[in-house]
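Line order of the protein sequences matches chains A, B and C.
Residue numbering for the first sequence follows our numbering, beginning at 594 and increasing consecutively.
Residue numbering for the second sequence follows our numbering, beginning at 594 and increasing consecutively.
Residue numbering for the third sequence follows our numbering, beginning at 594 and increasing consecutively.
Please keep in mind that the hints were generated in silico from the structure rather than gathered at the bench.
All clues stand as given, with none of them false.
Estimated spans, in silico, between C-beta atoms of each pair: (1) C:A748 to B:G788: 34 to 40 Å; (2) C:I767 to A:P888: 57 to 63 Å; (3) C:L607 to B:L936: 32 to 38 Å; (4) C:T827 to A:K914: 45 to 51 Å; (5) A:P910 to B:I767: 53 to 59 Å; (6) C:I767 to A:L921: 55 to 61 Å; (7) A:A890 to B:I767: 51 to 57 Å; (8) C:Q906 to B:G770: 52 to 58 Å; (9) B:V822 to C:K821: 26 to 32 Å; (10) C:G742 to A:R833: 43 to 49 Å; (11) C:E915 to A:K821: 27 to 33 Å; (12) C:K821 to B:A651: 27 to 33 Å.
Looking from chain C toward chain B, a few residues come up when the C-beta cut is under 7 Å (computed): (13) K595; (14) P616; (15) T618; (16) E623; (17) T695; (18) E806; (19) A807; (20) A826.
We treat Cβ as the ideally placed atom computed from N, Cα and C, and that holds for glycine.
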Amino acid sequence: MKTNPGRFFEEYRLGETIVHAVPRTVSGGERALYHALYPARGALYSSDEFARDCGLSAAPIDDLAAFHLVFGKTVPDISLNAVANLGYAEGRWHLPVFAGDTLRAESTVIGLKENSNGKSGVVYVRTRGLNQRGEVVLSYVRWVMVRKGDLNAPAPEPVVPDLVQVVAAADLPIPAGLDFTGYDFTLAGEAHRWGDYAVGEQIDHVDGVTIEEAEHMLATRLWQNTAKVHFDATFREDGRRLIYGGHIISMARALSFNGLANAQMIVALNAGAHANPCFSGDTVKAWSEVLDKAPTAAPGVGAIRLRTVAVKQGAAPFALKEAGGKYLPEVLLDLDYWALMPL
Amino acid sequence: MKTNPGRFFEEYRLGETIVHAVPRTVSGGERALYHALYPARGALYSSDEFARDCGLSAAPIDDLAAFHLVFGKTVPDISLNAVANLGYAEGRWHLPVFAGDTLRAESTVIGLKENSNGKSGVVYVRTRGLNQRGEVVLSYVRWVMVRKGDLNAPAPEPVVPDLVQVVAAADLPIPAGLDFTGYDFTLAGEAHRWGDYAVGEQIDHVDGVTIEEAEHMLATRLWQNTAKVHFDATFREDGRRLIYGGHIISMARALSFNGLANAQMIVALNAGAHANPCFSGDTVKAWSEVLDKAPTAAPGVGAIRLRTVAVKQGAAPFALKEAGGKYLPEVLLDLDYWALMPL
Amino acid sequence: MKTNPGRFFEEYRLGETIVHAVPRTVSGGERALYHALYPARGALYSSDEFARDCGLSAAPIDDLAAFHLVFGKTVPDISLNAVANLGYAEGRWHLPVFAGDTLRAESTVIGLKENSNGKSGVVYVRTRGLNQRGEVVLSYVRWVMVRKGDLNAPAPEPVVPDLVQVVAAADLPIPAGLDFTGYDFTLAGEAHRWGDYAVGEQIDHVDGVTIEEAEHMLATRLWQNTAKVHFDATFREDGRRLIYGGHIISMARALSFNGLANAQMIVALNAGAHANPCFSGDTVKAWSEVLDKAPTAAPGVGAIRLRTVAVKQGAAPFALKEAGGKYLPEVLLDLDYWALMPL
Chain A
594 MKTNPGRFFE EYRLGETIVH AVPRTVSGGE RALYHALYPA RGALYSSDEF
644 ARDCGLSAAP IDDLAAFHLV FGKTVPDISL NAVANLGYAE GRWHLPVFAG
694 DTLRAESTVI GLKENSNGKS GVVYVRTRGL NQRGEVVLSY VRWVMVRKGD
744 LNAPAPEPVV PDLVQVVAAA DLPIPAGLDF TGYDFTLAGE AHRWGDYAVG
794 EQIDHVDGVT IEEAEHMLAT RLWQNTAKVH FDATFREDGR RLIYGGHIIS
844 MARALSFNGL ANAQMIVALN AGAHANPCFS GDTVKAWSEV LDKAPTAAPG
894 VGAIRLRTVA VKQGAAPFAL KEAGGKYLPE VLLDLDYWAL MPL
Chain B
594 MKTNPGRFFE EYRLGETIVH AVPRTVSGGE RALYHALYPA RGALYSSDEF
644 ARDCGLSAAP IDDLAAFHLV FGKTVPDISL NAVANLGYAE GRWHLPVFAG
694 DTLRAESTVI GLKENSNGKS GVVYVRTRGL NQRGEVVLSY VRWVMVRKGD
744 LNAPAPEPVV PDLVQVVAAA DLPIPAGLDF TGYDFTLAGE AHRWGDYAVG
794 EQIDHVDGVT IEEAEHMLAT RLWQNTAKVH FDATFREDGR RLIYGGHIIS
844 MARALSFNGL ANAQMIVALN AGAHANPCFS GDTVKAWSEV LDKAPTAAPG
894 VGAIRLRTVA VKQGAAPFAL KEAGGKYLPE VLLDLDYWAL MPL
Chain C
594 MKTNPGRFFE EYRLGETIVH AVPRTVSGGE RALYHALYPA RGALYSSDEF
644 ARDCGLSAAP IDDLAAFHLV FGKTVPDISL NAVANLGYAE GRWHLPVFAG
694 DTLRAESTVI GLKENSNGKS GVVYVRTRGL NQRGEVVLSY VRWVMVRKGD
744 LNAPAPEPVV PDLVQVVAAA DLPIPAGLDF TGYDFTLAGE AHRWGDYAVG
794 EQIDHVDGVT IEEAEHMLAT RLWQNTAKVH FDATFREDGR RLIYGGHIIS
844 MARALSFNGL ANAQMIVALN AGAHANPCFS GDTVKAWSEV LDKAPTAAPG
894 VGAIRLRTVA VKQGAAPFAL KEAGGKYLPE VLLDLDYWAL MPL
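Using the sequences and the hints given, assemble the complete structure.
The structure is reproduced here in C-alpha cells:
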C-alpha cells in the first residue's frame, strides 16, 4: 500500500526518534494569514518596528503559529490513529521564528504504556522543531492515546516519563537581546505592566468569535495538519467536522489580548487540555487567571504564568470544572503557559 | 478592570490627539489576501512591473487595504461604543504603502456635539496613518455617534468642524514620479481613458458577489478591527453578524474594475455613507457615476471623481434614494472619491 | 458600454494572439494561501531548503498555482461567454515560478469550428504564461464552447488543430539544475520511489475534504478568475455557485500526496476533463492510476504519467465511466499529467 496508514501503538519503540516530513519555509504570507484567522494584536508580532524597539531583528511569526507548524508535521506519524490527545508538558520556545526560516520537526518516544483493555496505549513523545540551521526553536512533550493495530501484539514494558508540572522560571528561554526597558505601552495597546497583575487575578477577555467551517479548515491546512476528522464531513457519524484543538488555542490566545495585551511572548507551555470538542457555529470566548509571576534576567522583562481558558456560548463566568473535577461542558480548552511582559 | 471598555462620549476632549495601538508591518501576505478577499484587478496594484512602468518603485498595497489598516487601529479608541458611523470627509492618500512598510495611526478630536437626547453625542476625528518614517500616508475625517457612559456628564461646548464637501482637485495628492504616458491599456484590461468618461455618465459594473461569514471575518480581522458586532453571533438579538462597512467598500471598488479598470489609484475620499447593513448571504453589486473630472500636474494623469454605489440583490438599476431623500433599502454604500486615470 | 461583454464565437480570428490583462507579481502570500486552501504537502514547494537540495534556487510557487494564475487571466477574453470548458492538451511547465516573479498571459487562436446548431462554436487557444523576463513559464492548449453573439454571423472555415494525445517523454521540460540524487525521502514524506510504481497501478488517496463556499471563492478570486458563475448566488436558477474546476484540480492533486508524495513537480498536462460540476458541501476524494513511466536526462529524476481522478461522496472505488463511456455522476475530474519523481 502506498498511502500512510499511520502508526499503531505497537509500532512505537522507546527511545526511537521519528523524523517528520515536509519542512516548511515561512514568509509574510503565514503571518498575514495568522492575523486574518485570529484577532491577534500583539504589537511585537504585528510590527517589525515595535519588535526592533524590543531588541529583536524583526517581528517573529506568532509563537503559536510556530507551534502549529511543528505540531502539524507530527500528525502523520504520531496521531493519525490517535483516540485522544491527552496532554502537553515541558513546552519551551527556544528561539523566535522569522519570515524566511524553514522549520522541520522530529519526535523522540519517551514513554509507552498499554491500556488495561489491551486495545490501545499511551505514547509520550518529546517533539522538537528545528530551523534551517539545525537550531531547536521549540520543544514540547505530548502524549496521545493510540489504537493498537494488532491486538495480539505484546504490551511493552510500561514507561511513564517523569515530567515537570510547571517549567521552572529559571528554565524559561529568553530571546537574545530582548529588552523591554523602552517598551511603548501606548503602541502595545494597554497600560498594564507586569507589576499590575496579581497572582490569583482573573480576567474576562470579553470578546467572542463565532467560528465557521472555512476558517478552521484554512488554518488547519496552513499548518499541514492532515487529521481527517477536521476536513471530511463524511468521516464522523454525526457529519460534523471536529475543529483542530490548536485553532482554539490560537483563538483563545488572540482574544486574551483584551486584558493581556502586554503578555507579549509565550515562552513555555506547562500544560494543556482540550476539555471538550468545538464545532462550527460555536462562539468562543476566553478568560485567564494569573497563576504565578517571576523575574527574568532580561532588562525590563518579567515572566507571568497564565491559565487561559476557552469557553463557548452558555459558559458561566470563570467556571471551569464540575464538583467531581470534570471540565464543564462549555469549557473547550485549559491552557497553562508562561509569557513575557514588560515590568 | 484590565479590558478596554472603549471611550464614551464625555471622555473625548476637543483638540486631544489619541495615539492608536498595534502598528502593523505589511507584506506580500496582506496583498495576496486582499486579492483573495476581493475581486481586485487593478494592474498597478497587482504587478510590480506594471507599477514600475507607471513610475512607482513597486506595486503598492491596495489603497483601501491601507485605509482599512489605519481605520482598524482606530476602532478600540473611537468606535467601540459607537452607535453609528456617520460619515467621512477630506480623505487623502498622501503616499503609497509598500510591502515592508509599518503603519500606525493617530486621531485628533476636531469636533464634539452632544445629541439633544443627552444620551449620546457626535465625535469628529481627523485620523492620520503614518509609516515607519513618520510620514503621513493617509488622512481622513470621520464622525461617529458615541454613547455617553455617564448620562450626568455635562455637555461640551458644541463644535462642528467646517469640512469641505469635496477635496479640491488642486489638493489631490499625486504620488511622486507617477507617469501614465507609457500606460499599457491592454495589460490594464480596458481601453477607456480619462477622455472617454463624461461627467454624469453612469456605469453598471454588472458582476455580483455573494458574501460568506468566513470571508468578512477574515477581512475584518486582517485589519485588526475589533468591533464585536462583526464576529460574535451572540451579540445581536437577531443572531446575525454585521459585516464591516469597509468590506463593502472594498467589494464595490473591486467590482468597479469592470468599467473603471483604469481608475487606478484612489487619492481622495470626499464622502461615504454606509446606507444599510449587509449580512452574510447578500449578493453585492455595484454601479458608479462620474461626478467630476480634473487634470493633474503629473504626466498623462487625469483625476476622475466617482460615486460608487454598492447594492444588494433586488436593487433597481442606478436607484439610490427614495423620494424623501432616504437611501433605498437595497443600497449598502454610497462612496464619493477621486481616482487617477491615464489621459 | 464600458464593461466587458466578453467575446462571442464570431469575434475570434484564426491565428490572432490575444494579450490578456492584469499581470500579477507573486509572493510568499500566494504560497501561504495555496497551502491554506489545499492540503498541499509537496516538500519541494513547501521548503526552500528542500528545493535547494534538489538543485533549485528556492521553493517555487506550486505548479498548479502558476496554472491558475495564467488561466485566470484568460477568462475575460476566452471563457466569459463559454458554455463549457471542453478540454486541455499539450500543457507544459517550462520554468518554475518563484516569489517575486510577475506573470502575464497571452493566447493564440489555433482552431475554430462552429457547431451544427449555428448557436455556438468551439474555440481552440494555445495559452502562454510569461514571466517578467518574457520567458514562457507555462503553455497549454484549451478548447471551449463559446456562444455566438450574432446568430447571423457566417461560420468560419472549420479548423481543428492536430493535438498530441500525450506529451512525449522527450518533450517534457526539466527544470535546469534539477537533481534528485540526494533526495531526502524521509523529509519528503514517503519512501516510494519511481521504481516502486508500476504502470497500471491504482492508488486510493484515502483522504477527503468537504468544500465550503468561502474557500472556493477565495481561491478563485486569488487567481483573478472573473467568471460570474463562481461568485454570484443569484446567477444560476438553482441559486448554487459552481466551483471553479481548477479548485478541484488543486484539491485532487493535494490529496494525491498520500500515495504520491514524491511525484514532486508537474511538468506536462496531457488531458483534463471536468466531468461533473462540484458544489459547496461536496466531499472531494481522489484516486490515481499510473499510465506510463519514462526516464529523463536529469540526475536521479524519472517521469511518471498519472491519471488523477477527483470524485465526490458516494463514489465507488476506482470507478470512472458508465458502460456507455460517460463519466459516472460522482466523478468530478479526470486529469492526465506527467510528474517528476526521484528514481
